[in-house]
Amino acid sequence: MKKLLVLSAFFVAIVIAQSCSDVKRNPNNAYMPDMAYSRAYETYADHKELSDSGIFYNASPVAGTVKRGDEAHYEILKDTTGGYNASAGLQNPLPALSAENMIEAERLYLVNCGICHGAKLDGKGPLVVRPDGSDGPYLAAPANLIEPSIQSGIYYKMSEGTMFYSITYGKGQMGSYASQVSPKQRWMIVHYIKSKQREKSAPATAAPAATDSAKAVK
Amino acid sequence: MIYHRPFSRLVVRSLFSIVFLFVSFVALAQPNGKELFEANCKSCHAIDANLTGPALRGVEDRVPDQKLLYAWIKNNQAVLATGNKYFNDLYVQWNKTAMNTFTGLADADIAAILKYVSEAPPKGGPKPPTPDGGNPDDKAAASDNSLLYGILTLILAIITLILLQVNSNLRKLADDKDGIPSAEPIAFYKNKSYIAVFAVVLFVIGGYLTIQGAVGLGRNKDYQPEQPIYYSHKVHAGTNQISCLYCHNGAYEGKHANIPSVNLCMNCHTTIAEYKGEELFKEDGTKVDGTAEIQKIYKAAGYDPATKKYNDKQQPIEWVKIHNLPDHVYFNHSQHTRAGKVQCQTCHGPIQEMGEVYQFSDLSMGWCVNCHRESKVNFYDPKTGEGNKFYSIYEKFHNDIKNKKVDSVTVEMIGGTECQKCHY
Numbered sequence: 001m002k003k004l005l006v007l008s009a010f011f012v013a014i015v016i017a018q019s020c021s022d023v024k025r026n027p028n029n030a031y032m033p034d035m036a037y038s039r040a041y042e043t044y045a046d047h048k049e050l051s052d053s054g055i056f057y058n059a060s061p062v063a064g065t066v067k068r069g070d071e072a073h074y075e076i077l078k079d080t081t082g083g084y085n086a087s088a089g090l091q092n093p094l095p096a097l098s099a100e101n102m103i104e105a106e107r108l109y110l111v112n113c114g115i116c117h118g119a120k121l122d123g124k125g126p127l128v129v130r131p132d133g134s135d136g137p138y139l140a141a142p143a144n145l146i147e148p149s150i151q152s153g154i155y156y157k158m159s160e161g162t163m164f165y166s167i168t169y170g171k172g173q174m175g176s177y178a179s180q181v182s183p184k185q186r187w188m189i190v191h192y193i194k195s196k197q198r199e200k201s202a203p204a205t206a207a208p209a210a211t212d213s214a215k216a217v218k
Numbered sequence: 219m220i221y222h223r224p225f226s227r228l229v230v231r232s233l234f235s236i237v238f239l240f241v242s243f244v245a246l247a248q249p250n251g252k253e254l255f256e257a258n259c260k261s262c263h264a265i266d267a268n269l270t271g272p273a274l275r276g277v278e279d280r281v282p283d284q285k286l287l288y289a290w291i292k293n294n295q296a297v298l299a300t301g302n303k304y305f306n307d308l309y310v311q312w313n314k315t316a317m318n319t320f321t322g323l324a325d326a327d328i329a330a331i332l333k334y335v336s337e338a339p340p341k342g343g344p345k346p347p348t349p350d351g352g353n354p355d356d357k358a359a360a361s362d363n364s365l366l367y368g369i370l371t372l373i374l375a376i377i378t379l380i381l382l383q384v385n386s387n388l389r390k391l392a393d394d395k396d397g398i399p400s401a402e403p404i405a406f407y408k409n410k411s412y413i414a415v416f417a418v419v420l421f422v423i424g425g426y427l428t429i430q431g432a433v434g435l436g437r438n439k440d441y442q443p444e445q446p447i448y449y450s451h452k453v454h455a456g457t458n459q460i461s462c463l464y465c466h467n468g469a470y471e472g473k474h475a476n477i478p479s480v481n482l483c484m485n486c487h488t489t490i491a492e493y494k495g496e497e498l499f500k501e502d503g504t505k506v507d508g509t510a511e512i513q514k515i516y517k518a519a520g521y522d523p524a525t526k527k528y529n530d531k532q533q534p535i536e537w538v539k540i541h542n543l544p545d546h547v548y549f550n551h552s553q554h555t556r557a558g559k560v561q562c563q564t565c566h567g568p569i570q571e572m573g574e575v576y577q578f579s580d581l582s583m584g585w586c587v588n589c590h591r592e593s594k595v596n597f598y599d600p601k602t603g604e605g606n607k608f609y610s611i612y613e614k615f616h617n618d619i620k621n622k623k624v625d626s627v628t629v630e631m632i633g634g635t636e637c638q639k640c641h642y
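Those protein sequences? They're chains H and A, same order as listed. Mapping the first sequence onto the working numbering, position 8 (from 1) lands on 8, and the numbers just tick up by one. Throughout, the working numbering is defined as the position within the second sequence, counted from one, plus 218.
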């Protein structure tokens, strides 16, 4: 009888051990944790201790710091009207992109902008219109950058500087992308959008096709 | 005179066709409210939600003066200049965000837009039926199998034991019958052979567990901590097809993959305030309210969705780091993604299917080195124009490939397993 009791207890223990959740919520122990976990402050480490002990540290660069290798640094202030209007006068400092750089600019556009503005720049990214045609979760309509008739060509007339400003500080429902794309990359994206617009409008200028079809109706 | 008739016929015909074209053009050009709304208004206004500008439903009730409303839509700056109280108050209320001017819109267009707005069905109507989510018991079923094998083994072991006992008892009975004197029965826990077998089994199992535990020290495969916000990579990277680099841009630019600033969350979530996708579950089966999780971002950002303003009570979201390499290892993301063209999923697993992220690889040195031994370097091929020019300095290997001495070059061959590549 005693034997049976021991055996059944053993059996129950195994079942309990098996039915325990296999979700690992806690990290494993480390051999020499001082080597596994950095003693020095790492990226994103909590630096509350520093300020608690009276050391000033706010985790941001000194105002006006220019990143190394940052060729295209512009200081236009964020401002609802003034800076936005002034940005129209900004010139794109990058020369026209080579084929290789254009591929890189396209990649940047697809990663950062395509999700809303669409891979074809038509404002129908997967967040807005699902590939199956149903509505995505994004309520607003992102700018259709490629259609010349939209708001009498507002995005065709928009200067490169204004586009740069809009990427830097956001415009309307769009927020700032300054944290994600460097100024140089922003100018590259602007180049890409403008080149796509030029591609779109180039055949339109030499389009007697419309009048031809009108004749055919006659 | 002889040419007059065909000529007049031509005139009549062309006149007729012009009239026909004009009539059909007018019929076609009936302004389409929905299209006009989407092309002109929707980037800042929704019908039932406040975006950059106020929700548009009931706008005609709020501004009963039709002429004024049309004037406002066409050129809001002119209306503001007249000092109209309602619109000036509205302008201040919306943080003096200037509305675009729409002088190109005809009255008929505006009427069509307003008609569309007033007739649009309210959002949140009947939802499309959601397909059944993945069976949460799938994982449990897999572990059930091993449990089954365990039970079977145990039962067989018990049967063996019982049979051994029965066997020895029967032999004893037979010996007694034959009159052969037999040794006194010894209890099984005193039986030396039993103890020996038990000790060996214990040693093997114990040794195995000890070694496994020691090897696993500091390794965190399947580590899946609970994060402060239930951020589902499945929803963002899977359903919504957001590129990994949209948030983790650093993975392509430098050493760290980067956790995006809350600003980037807010870029979408100022507009997406509610979660309406399929149901979310935590790993332990608890249901997650997506909308409540979005509210947590607002709290961290110090954002008030009602007034659309930020206060200064921002606080960092304390995400829990999952993938951690020891301090004595150098790892650089861009080296792998940009130069090596390794996909995120190679190391991080099917991240676009993870509700809560877990560590897919054990990030052990053996795992690193194994991949460096097996991975082929994508050399630039001037014939096809494909491959990576980053490796052009390895002239000898390029020549070897050209001379067919080797057919491919692995990371190990260009020094990928040398100690000081990662430890220095």
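Just so you know, not all the hints are guaranteed correct.
[Said to hold, decoys possible] In silico DSSO-like pairs for lysine-lysine, Cα to Cα no more than 27 Å straight-line: (1) H:K24 - A:K314; (2) H:K171 - A:K314; (3) A:K500 - H:K24; (4) H:K3 - H:K120; (5) A:K473 - H:K184; (6) A:K526 - A:K500; (7) A:K607 - A:K620; (8) H:K3 - A:K410; (9) H:K3 - A:K539; (10) A:K410 - H:K24; (11) H:K171 - A:K505; (12) H:K67 - A:K314; (13) A:K639 - A:K559.
What the hints contain is simulated information worked out from the structure, not anything from laboratory work.
Verification of the supplied hints:
Of the pairs offered as hints, the one joining H:K24 and A:K314 is violated, with about 50 Å between alpha carbons and a cut-off of 27 Å exceeded. In summary, the hint linking H:K171 to A:K314 is supported, as the alpha carbons are separated by about 13 Å, within the 27 Å threshold. Only pairs whose Cα atoms come within 27 Å are accepted, and A:K500 paired with H:K24 is accepted, the gap being roughly 13 Å. Between H:K3 and H:K120 the CA atoms are separated by roughly 75 Å; this puts the pair beyond 27 Å, and the hint is violated.
Simply put, A:K473 and H:K184 have alpha-carbon atoms about 20 Å apart, close enough for the 27 Å limit, and the pair holds. Taking the CA atoms of A:K526 and A:K500, the gap is about 30 Å. The hint is violated against a cut of 27 Å. Among the hinted pairs, A:K607 with A:K620 is consistent with the structure: their alpha-carbon atoms are about 16 Å apart, no more than 27 Å. A hinted pair counts as satisfied when its Cα atoms are at most 27 Å apart, and H:K3 with A:K410 qualifies at roughly 18 Å.
For the given pair, H:K3 sits about 48 Å from A:K539 by alpha-carbon distance, which is inconsistent with the 27 Å threshold. Of the pairs offered as hints, the one joining A:K410 and H:K24 is violated, with about 41 Å between alpha carbons and a cut-off of 27 Å exceeded. Distance restraint check for H:K171 and A:K505: the Cα-Cα separation of roughly 36 Å exceeds the 27 Å cut-off, and the hinted pair is therefore not satisfied. About 33 Å separates the Cα atoms of H:K67 and A:K314, which puts this hinted pair outside 27 Å; it is violated.
For the hint pairing A:K639 with A:K559, the CA-to-CA distance comes to about 18 Å; that is within 27 Å, so the pair holds.
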